[in-house]
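Trainee: Here the protein sequences come in this chain order: V and B. Position one of the first sequence corresponds to residue 1 (the numbering used here), numbered consecutively onward. Position one of the second sequence corresponds to residue 1001 (the numbering used here), numbered consecutively onward.
It cannot be assumed that every hint is accurate.
Where chain V lies over chain B, by a calculated footprint (3+ residues, C-beta under 8 Å) [said to hold, decoys possible]: (1) 1040 to 1049; (2) 1067 to 1076.
Partial selection, computed: residues in chain V whose CB lies under 7 Å from chain B [unchecked claim]: (3) TRP7; (4) GLY43; (5) LEU44; (6) ILE56; (7) ASP85; (8) LEU90; (9) GLY104; (10) GLY106.
Hints listed in this document are in silico derivations from the structure and should not be mistaken for laboratory results. Glycine included, each C-beta is placed from N, C-alpha and C at the ideal position.
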Amino acid sequence: SQTIHQWPATLVQPVGSPLSLECTVEGTSNPNLYWYRQAAGRGLQLLFYSVGIGQISSEVPQNLSASRPQDRQFILSSKKLLLSDSGFYLCAWSDREGDEAFFGQGTRLTVV
Amino acid sequence: LAKTTQPISMDSYEGQEVNITCSHNNIATNDYITWYQQFPSQGPRFIIQGYKTKVTNEVASLFIPADRKSSTLSLPRVSLSDTAVYYCLVGPGGFKTIFGAGTRLFVKA
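Work out the full structure, taking the sequences as your base and the hints as a guide.
Mentor: Next comes the structure, spelled out in structure tokens:
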């Protein structure tokens, strides 16, 4: 069966520090991968999506970047965090031909 | 991707049937309608998906009229544990899944 792992679960980082959140998927090949952010009490904002290794599309201009070094690995990064980067970050995957997105447990990032 | 509109919040009582309607006037021919449920501090979870008419599973029913410009998620006999945010998504599926603000359902005892 397929599983998705996302870590860490919580993170407190100072303004200006770097960020690296990692997401890995097991039990499937060539998944579509997504990074979302959710501010408190708000809906999910799609940040990045990827249809293959090295293929990243950005949905909104921001202080973050994403990379996909391996088929089932998706990394969200920042060189210098801003206070506005605080939020709940979710990684998700879906089959290339499928319809359902499967989400990780999320990372709650607080920038102080 | 088609834009969706759904109520910001709804209240209900335990044991009642809850219907959440989503409007998607510019739905495309190859778009599916998908609903997700999200509890606090968790990722969304797939509930149901349909293309037209009615779809039912062990959790919910999805009603889609012939023009497909709206859809209604029906939750039978809700319980306190159904308190969550419910998202309606419209798109070709599996690609660029985009979530709106959702409907916050609050079930009271």
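Trainee: The structure should be examined with respect to each hint, and the outcome stated for every one.
Mentor: Verification of the hints:
{"no.": "1", "hint": "1040 to 1049", "in the structure": "holds (count 7)"}
{"no.": "2", "hint": "1067 to 1076", "in the structure": "violated (count 0)"}
{"no.": "3", "hint": "TRP7", "in the structure": "13 Å, violated"}
{"no.": "4", "hint": "GLY43", "in the structure": "4 Å, holds"}
{"no.": "5", "hint": "LEU44", "in the structure": "4 Å, holds"}
{"no.": "6", "hint": "ILE56", "in the structure": "13 Å, violated"}
{"no.": "7", "hint": "ASP85", "in the structure": "18 Å, violated"}
{"no.": "8", "hint": "LEU90", "in the structure": "5 Å, holds"}
{"no.": "9", "hint": "GLY104", "in the structure": "6 Å, holds"}
{"no.": "10", "hint": "GLY106", "in the structure": "6 Å, holds"}
In this structure, the hints that do not hold are numbers 2, 3, 6, 7, in rising order.
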